[in-house]
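First to last, the protein sequences are chains R and V. Those letters in the first sequence? Residues 1 to 508, per the numbering used here, in order. Those letters in the second sequence? Residues 1 to 303, per the numbering used here, in order.
Wrong hints could be hidden among the right ones.
[Said to hold, decoys possible] Listed below are the simulated DSSO-like cross-link pairs for lysine-lysine, each with C-alpha atoms no more than 30 Å apart in a straight line:
| hint | chain 1 | residue 1 | chain 2 | residue 2 |
| --- | --- | --- | --- | --- |
| 1 | R | LYS80 | R | LYS49 |
| 2 | R | LYS318 | R | LYS372 |
| 3 | V | LYS173 | R | LYS173 |
| 4 | R | LYS109 | R | LYS250 |
| 5 | R | LYS250 | R | LYS80 |
| 6 | R | LYS204 | R | LYS173 |
| 7 | V | LYS108 | V | LYS290 |
| 8 | V | LYS160 | R | LYS109 |
| 9 | R | LYS376 | R | LYS419 |
| 10 | R | LYS419 | R | LYS372 |
| 11 | R | LYS250 | R | LYS204 |
| 12 | R | LYS204 | R | LYS80 |
| 13 | R | LYS80 | V | LYS173 |
| 14 | R | LYS80 | V | LYS290 |
| 15 | V | LYS173 | V | LYS160 |
| 16 | V | LYS116 | R | LYS109 |
| 17 | R | LYS173 | R | LYS153 |
| 18 | R | LYS204 | R | LYS194 |
| 19 | V | LYS160 | R | LYS194 |
| 20 | R | LYS153 | R | LYS49 |
| 21 | R | LYS153 | V | LYS290 |
| 22 | R | LYS250 | R | LYS318 |
| 23 | V | LYS290 | V | LYS160 |
| 24 | R | LYS49 | V | LYS120 |
| 25 | V | LYS173 | R | LYS153 |
| 26 | R | LYS173 | R | LYS318 |
| 27 | R | LYS153 | R | LYS80 |
| 28 | V | LYS160 | R | LYS49 |
| 29 | V | LYS173 | R | LYS109 |
| 30 | R | LYS49 | R | LYS194 |
| 31 | R | LYS153 | R | LYS109 |
| 32 | R | LYS173 | R | LYS194 |
In short, the hints are calculated from the structure, not lab data.
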Amino acid sequence: MTAPLLSLRGISKSYGQIHANQGIDLDVAPESIHAVLGENGAGKSTLMKLIYGVEQPDEGTIVWDGEPLNLASPAEARRKGIGMVFQHFSLFETLTVVENIRLVVPGRKADLTERIRTLGRDFGLEVDPLAPVHALSVGERQRVEIIRCLMTKPRLLILDEPTSVLPPQSVDKLFDTLRRLRDGGVSILFISHKLEEIRAICDKATILRAGRVTGHVDPREHDAHDLARLMIGRDMPEPMPAVSQSGGEKRLEIIGLDHRPEDPFAVALSGISLTVRAGEILGIAGISGNGQSELAALISGETVLPREQRDRIYMMGKDVGTLGAAARRQLGFAFVPEDRLGRGAVPEMSLVLNSLLTAHPLGLLRHGLVEKARAKAFTSECIRQYDVRTPGPDVEAGALSGGNLQKFIVGREIMLSPKLLFVAQPTWGVDVGAASAIRRRLVALRNEGMAILVISEELEELFELCDVIQVLHHGTLSPRLETRDTRPEDIGQYMIGAHTPAAPKVLA
Amino acid sequence: MNALEFILAGMLAAATPFLLAALGELVVERAGVLNLGVEGLMAFGAVLAFIVVYHGGGHLLSFVAAGLGSAVLSLVFALVALGFRANQVATGLAIGILGQGLSALFGKTYESLTVKGLPKLALPWLSEIPLAGRLFTQDIVVWLSLAATLAIWVMFAYTKVGLVVRATGENPKAAHAIGYSVTAIRFAAVAFGGTMAGFAGAYAAVVYTPLWADGMIAGRGWIAIALVVFGTWLTGRIFLGACLFGAVSLMGLAAQATGLDVPSQVLASLPYLVTIIVLGIISADRRLLKLNGIASLGEPFER
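Just need the whole structure built from these sequences, with the hints factored in.
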């Protein structure tokens, strides 16, 4: 075996009581695609921050190209030839592609524009250098990030969950790019929790669990089941089979809704129509940024339609388009927003007070005053039922980890026993075990006759949960696709807008 | 001279204090910092400049002193608001009050004294055009302010420095991630803003009205801040806005000269009324604000 390009020995990093990384060993060979696999919270991101110089390890040594490496900053890492593409892009939306790149790479604008085009051709990273970033799709933005890294001629490229934002077709294209880069002499550290992807592209995999390495394997020699066991430490729970129902009453109906938000960066919605019946889970697939937040705000009542737009949104048979969020909740609607901190919960308030925000109609108030004992009992029940890991109900919501807070919010909304439940990104940042518990719970509620609407970026999740899927792309919604008769690739076609049906021909 | 000629002749000079201070605040806000102390920074610069000129130091030295003095005061703001991450609004107000207080203290013995202003330079050819020619007879500071406007426009539109400042204001976390020191850039922007506010104060005190009176800045620093929003953070619009306010502030005088029977207090309050009305109109167009607005304005930066 050739000498490794990057070699980590005994790397540890703690934040207060939390040991994010403990005694990590890792070798990345030259010209290889090396996976770092682990659940959310396993310590992958921390490890990458250490390698990229964002943070410094408490213990251990990093050897780069045969020499010890002590990085004080990302800028130093880049000078040494280490580049990183972040999960949440670090691009400037109001600047153009070439301006974004010019912030990192020295050179004249015209030369840079030309180099962006050349790199695009060579590595399958086509993007218009003069386009403003806010006008680009997520896939294009990722390409800009990769180009920006490549222009500093790195020898190691770190990609943090690069496929989490891409539709299936773009994933193949990205993989093609990565293989070309590897063949061009760049090593790649590929961070992911998606097993099939790692098997498809990586030569080596290092698996992390709870901050420790649980295995170094060749992913091509193991099936997804083996990798999953290394990753979560036990077998994956089997998905709960969905009981098919049909013909329940309409709990949510949207008819031909057009909406142009005030915010110029927001996506305009056009011709949105959907129906969710009792005993049915409807999933909305699509890459984020295609109108999900705008649609979610219209359904939740955070955005209220103007009076002229009547008869567009019905809940439990009532026209609610012009009603606010509270009025909709009174009809039996409950909502779990995608961002937990700030919309789903108030971080500075205790869990008890956060329960009160939406659960107050459940007898937690008397004559407008808070019934402390009841509120506390409700909160404790929610914590118990939904396995929220917290010292107690009086802890500030912001002190919980993302996954635990999500469990709490989902639990709180379910305990309202709504007629219509709307969950945006139900399992974002939730560990695999808890995510599957949330999904099972949703399916059970559906079987009891609740109408559920789910927005998710995770196709696997939607296929596990939903009876029907509709895909949101550029603010328009695909027709209803029965999950049973649909393959992920079909959804993928709609996700990138390749499935636009031909316009009906007009006979002359 | 009729009212129109009077306004044309004086508009640019009247606009200059607004313009200089607003250009400085533009750079500060583009970097993501909200410094509400402009009024005090101008007042402090004004008194320093007046003292220098009164004691025979000359106009050039007075501008240097005012620029340096206000820059130092603005760095106190930067230290507290950026270094210690204090609330920018509260810190800006406090520094503003401090500046006004220092101005009153230093200016006490100079109350009602006068100095000599600057001569007007007439541009050849252009100043001979009938009526509009009035625009082209101005003192050197006005001409330099116009040059500064152009320079700042070029900086934001074409140069890397401008790009870095814009990037810092839009997404400081990302700017940090790609290796720029957000705090250093913001310190520099605040110091620049302080210098410009000092120049603006100096112009008001030793060129435009070369007479010392406590409180002579009279809200012009606040209007400069409003101008930045009013111009939706675009250099060209801020220039136009400054001209508008320059013209409006002269209208009061012009109206009095024509013998219009309106109380002078009403006329003097015209610029402030216009500020409120224009801000209301601009803010109604949320798209414009969102497109050009500074995403991280006033938020302390934490890694």
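To see whether the hints hold, each was checked on the structure:
In summary, the hint linking LYS80(R) to LYS49(R) is supported, as the alpha carbons are separated by about 15 Å, within the 30 Å threshold. Annotation: proposed proximity of LYS318(R) to LYS372(R) is violated, straight-line Cα distance about 34 Å (limit 30 Å). Distance hint between LYS173(V) and LYS173(R) is fulfilled; the C-alpha atoms sit about 29 Å from each other, no more than 30 Å. Proposed proximity of LYS109(R) and LYS250(R) is contradicted: the alpha carbons are some 56 Å apart, above 30 Å.
Distance hint between LYS250(R) and LYS80(R) is unfulfilled; the C-alpha atoms sit about 60 Å from each other, more than 30 Å. With a CA separation close to 21 Å, the supplied pair LYS204(R) and LYS173(R) stays within the 30 Å bound. Straight-line distance between C-alpha atoms of LYS108(V) and LYS290(V) comes to about 45 Å, which puts the hinted pair past the 30 Å bound. The suggested pairing of LYS160(V) with LYS109(R) holds, with an alpha-carbon distance near 10 Å, which does not exceed 30 Å.
As the CA atoms of LYS376(R) and LYS419(R) are separated by approximately 25 Å, the hinted pair is consistent with the 30 Å bound. Restraint check for LYS419(R) and LYS372(R): the C-alpha separation of about 27 Å stays at or below 30 Å, so the hint holds. A threshold of 30 Å between alpha carbons decides the hint, and for LYS250(R) with LYS204(R) the separation of about 50 Å lies outside it, so the pair is violated. Distance check on the hinted pair: LYS204(R) and LYS80(R) sit about 23 Å apart at the alpha-carbon level, within 30 Å; holds.
Note on LYS80(R) and LYS173(V): the hinted pairing holds, with a Cα-Cα distance of about 22 Å set against a maximum of 30 Å. Taken as a hint, the LYS80(R) and LYS290(V) pair is broken in the structure, with Cα atoms around 39 Å apart against an allowance of 30 Å. Taken as a hint, the LYS173(V) and LYS160(V) pair is honoured in the structure, with Cα atoms around 19 Å apart against an allowance of 30 Å. In summary, the hint linking LYS116(V) to LYS109(R) is not supported, as the alpha carbons are separated by about 48 Å, beyond the 30 Å threshold.
Restraint check for LYS173(R) and LYS153(R): the C-alpha separation of about 21 Å stays at or below 30 Å, so the hint holds. For the hint pairing LYS204(R) with LYS194(R), the CA-to-CA distance comes to about 14 Å; that is within 30 Å, so the pair holds. A C-alpha spacing of about 40 Å is found between LYS160(V) and LYS194(R), which places the hinted pair above 30 Å, so the restraint is violated. For the proposed pair LYS153(R) and LYS49(R), the alpha carbon gap of about 20 Å is at most 30 Å, so the pair holds.
Restraint check: the Cα-Cα separation between LYS153(R) and LYS290(V) comes to about 36 Å, which exceeds 30 Å; the hinted pair is violated. For the hint pairing LYS250(R) with LYS318(R), the CA-to-CA distance comes to about 11 Å; that is within 30 Å, so the pair holds. Between LYS290(V) and LYS160(V), the direct Cα distance comes to roughly 23 Å. Compliance with the 30 Å bound is thereby established for this hinted pair. With a C-alpha separation of about 60 Å, the suggested pair LYS49(R) and LYS120(V) falls outside the 30 Å cut-off, and the hint is violated.
At most 30 Å may separate the alpha-carbon atoms for a hinted pair to count; LYS173(V) and LYS153(R) meet this at roughly 23 Å. Of the supplied pair hints, the one linking LYS173(R) and LYS318(R) is violated, its CA atoms being roughly 46 Å apart against a limit of 30 Å. Our distance criterion of 30 Å between C-alpha atoms is met by LYS153(R) and LYS80(R), whose separation comes to about 10 Å. Using a Cα cut-off of 30 Å, the hinted pair LYS160(V) and LYS49(R) holds, with the two alpha carbons roughly 28 Å apart.
Restraint check for LYS173(V) and LYS109(R): satisfied, since their Cα atoms lie roughly 24 Å apart, inside the 30 Å limit. Straight-line distance between C-alpha atoms of LYS49(R) and LYS194(R) comes to about 20 Å, which keeps the hinted pair within the 30 Å bound. Only pairs whose Cα atoms come within 30 Å are accepted, and LYS153(R) paired with LYS109(R) is accepted, the gap being roughly 18 Å. With a C-alpha separation of about 17 Å, the suggested pairing of LYS173(R) with LYS194(R) holds against the 30 Å cut-off.
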